[in-house]
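The task is simple: from the sequences and hints, build the whole structure.
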Amino acid sequence: MSEEIKKEEQFQSSYHAENFKRRSRYIAVFAGLALAFFAITVININSGNVHIPIPRIIQILFTKSGSVKEVNIIWKIRLPRILMAALLGGALSLSGFLLQTFFENPIAGPFVLGISSGAKMVVAMVTILMLGQMMTVSSYTMIIAAFLGSLMSVGFILAVSRRISNMAALLVAGIMIGYICSAVTDFIITFADDSDIANLHNWSQGSFSGMSWANVGIGGVTVLVTFALVMMLSKPIGAYQLGEHYAQSIGVNIKFFRVALIVLSSLLSATVTAFAGPISFVGIAVPFLIKNAFGTSKPLVIIPGTFVGGAVFCMFCDLIARLAFAPLELNISTVTSIFGAPIVIFMMIRRRGGR
Amino acid sequence: MTSKSYLTMDNLSVGYNGKPLISDICIDIKKGEIVTLIGPNGAGKSTILKSITRQLQIIGGKVIFDQANLHSMSYKDLSTRMAVVLTERIKTELLTCHDIVASGRYPYTGRLGVLSREDEQKVDEALMAVHAIELGPRDFNAISDGQKQRILLARAICQEPEIIILDEPTSFLDIRYKLELLTILTRMAKKNGITVIMSLHEIDLAEKISDKIICVKGDHVAYYGTPEEIFEEETIRDLYGLDNGFFDPVFGSIELARPEGPVKTFVLSSGGTGIRVFRKLQKENRPFAAGILYRNDIDYELARLLASELVTEEPFLPLSDEAVSRAKDLICQCDEVICAGVEIRGINARLQELIDLARDQGKLVEM
Chain A
1 MSEEIKKEEQ FQSSYHAENF KRRSRYIAVF AGLALAFFAI TVININSGNV
51 HIPIPRIIQI LFTKSGSVKE VNIIWKIRLP RILMAALLGG ALSLSGFLLQ
101 TFFENPIAGP FVLGISSGAK MVVAMVTILM LGQMMTVSSY TMIIAAFLGS
151 LMSVGFILAV SRRISNMAAL LVAGIMIGYI CSAVTDFIIT FADDSDIANL
201 HNWSQGSFSG MSWANVGIGG VTVLVTFALV MMLSKPIGAY QLGEHYAQSI
251 GVNIKFFRVA LIVLSSLLSA TVTAFAGPIS FVGIAVPFLI KNAFGTSKPL
301 VIIPGTFVGG AVFCMFCDLI ARLAFAPLEL NISTVTSIFG APIVIFMMIR
351 RRGGR
Chain B
1001 MTSKSYLTMD NLSVGYNGKP LISDICIDIK KGEIVTLIGP NGAGKSTILK
1051 SITRQLQIIG GKVIFDQANL HSMSYKDLST RMAVVLTERI KTELLTCHDI
1101 VASGRYPYTG RLGVLSREDE QKVDEALMAV HAIELGPRDF NAISDGQKQR
1151 ILLARAICQE PEIIILDEPT SFLDIRYKLE LLTILTRMAK KNGITVIMSL
1201 HEIDLAEKIS DKIICVKGDH VAYYGTPEEI FEEETIRDLY GLDNGFFDPV
1251 FGSIELARPE GPVKTFVLSS GGTGIRVFRK LQKENRPFAA GILYRNDIDY
1301 ELARLLASEL VTEEPFLPLS DEAVSRAKDL ICQCDEVICA GVEIRGINAR
1351 LQELIDLARD QGKLVEM
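From first to last, the protein sequence lines are chains A and B. Under the working numbering, the first residue of the first sequence is numbered 1, with each subsequent residue one higher. Under the working numbering, the first residue of the second sequence is numbered 1001, with each subsequent residue one higher.
Hints are supplied without guarantee of correctness; some may be wrong.
[Said to hold, decoys possible] Derived DSBU-like pairs: lysine-lysine, alpha-carbon spacing no greater than 30 Å straight-line:
hint	chain 1	residue 1	chain 2	residue 2
1	B	Lys-1030	B	Lys-1264
2	A	Lys-255	B	Lys-1148
3	B	Lys-1191	B	Lys-1178
4	B	Lys-1264	B	Lys-1212
5	A	Lys-235	B	Lys-1091
6	B	Lys-1019	A	Lys-255
7	A	Lys-21	B	Lys-1191
8	B	Lys-1091	B	Lys-1031
9	B	Lys-1178	B	Lys-1148
10	B	Lys-1264	B	Lys-1062
11	B	Lys-1062	B	Lys-1030
12	A	Lys-255	B	Lys-1076
13	A	Lys-235	B	Lys-1148
14	B	Lys-1264	B	Lys-1031
15	A	Lys-255	B	Lys-1091
16	A	Lys-235	B	Lys-1328
17	B	Lys-1178	B	Lys-1212
18	A	Lys-255	B	Lys-1062
19	B	Lys-1148	A	Lys-21
20	B	Lys-1076	B	Lys-1190
[To be verified] Take a look, some chain A residues computed to stay more than 12 Å from chain B by CB distance:
hint	residue
21	Met-232
22	Val-252
23	Leu-300
24	Ala-324
Rather than coming from a laboratory, the hints here were simulated on the basis of the structure. A virtual CB, placed ideally from N, CA and C, is assigned to each residue, including glycine.
As structure tokens, this is what we get:
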């Protein structure tokens, strides 16, 4: 009996040490992310085709005074672009995390499942239709169109998943719908007016360039509100990680929860697509890196972690897109693929090996 | 323990996609009872359990749980009263066993699901109850199936339910943890008044642990009652359609079918010395005769099932002429007489005649 107690005490101390270690790790990773966020922001503001020294940047940021050209570069071009890269990167990664939870599959993501492409297709259609009628396309219209396109793809994926429970088949279905939507988009663009094409073509390849403060306002509100809603869902998301039946048995209203998860993840990826076009691999790579950095998949930690991680990742990729072959600019997807795809491949190899 | 009914299945029909698989289930369960579903594979044990846990929609009838209709309760209300251990495997990523067990506290935690000090304590207690405290910090994916099963039970325990439903909880467990799990369940039922409903494949264990047994066969509940009522050889034979073995209700053990063919071996034994020999012969697929066994001898219970020919005698009487001469006939037919050890004294003195006969014929093998 006394041995039992001794064992128990030993355990208690080791266990609490374990708990302490975990919390310290969370704090350390969050601190690291914050630092990276800060650093990449500074570098991003500081670099570009036009060189502006740091003291002048600080002056411009806080007083908005200086040469008109430099003020415009900082305030009208670089800042909105950086903020948008951060917001949309976070949104995209979070959307990936939600879809992975929903499909219980770590390589699910808005791009792989064809959700981004669905959004792209509907946005392209709406844009060309409205431009044809000489109307301007507002950000709201773009988001709504992208959202409808996302839901269309998700609906298709869900219909498939009802018939086939095989995850590989599901991913193939997602990739196929992605190709179909991209083909339709290309088809539409081919028959559009020349003036529309330039814009659409640029956008359909994915880019953070040309963001305005109006974009930041609308995108920011949409993304942050959705983020807050996702945070509120972190408890049922945690329960859902054990599978829907266990989740239901501990009191989760599964039907409502599933709908909420799909709507929120579609809204997040739709916002991204509406403003920056389809961006690949971020939704898979970032949640994977973040989960491993924190050593857990607890939503309460991972949701904010993924958001910040995605922001850092996209700001970093955007920096490279801007600078690598300046003054030429790369598509954002080109850069995210270069960094994201190897991570996904590594992830799949490790998963196989671990079995 | 009250004698009131606690969970009632009233004319319940269960099945998939609106098609009933099992109909007219009428069962009354009292608080603190251990009720076990047994029956052949695919008989629908899981279907019944899944209907009670509301994973499946019921097709007809209703389930009354503590005077309320189970299927009109909210999931939230039910979650503090009913816990489940399912057969489905859970795929987790980077979650510790502690995290899994802590999910049982879900109904009691706040909006963000942060554990209070009390919750933490409940998790520890649950881990201790299943003797798995050292598993707490380990990754759930990295432990064995048997350990997973214990963690899932701990998860159900810390949900503090009134009723716990387990679908084949003993699969993947070795004999030690099987016994341990069943001991934990018994303790929960008898000490804390928690009602346990589960399905088991091990009918021998079901007999020993359950207050009530539900036998599910094909499209109906074939039998429902106490183990004493259910565990007759005939019932079990009928339930599982056994034609290749026996269920021994006295010891609750399962025996393979007796070997077929001409009898070439005779076994002399008493007081348990024959059991090993019987089993060995059966394993070697050699049909045998046994005798002369008193009907209160422990060897008799097994010989009854395994021996092709059996010579018996009424307890406490001297061996009769009839029995002795039948045994002698059998010995003459056999090639070999195995004497597993008999104590010859008083009323069974005439066994010596059999031994002498066997020795004279050069057939005696002493063990």
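Inset, instruction - List, from low to high, the hint numbers that the structure doesn't satisfy. - result: Numbers 1, 4, 7, 8, 10, 14, 16, 21, 22 and 23, in rising order.
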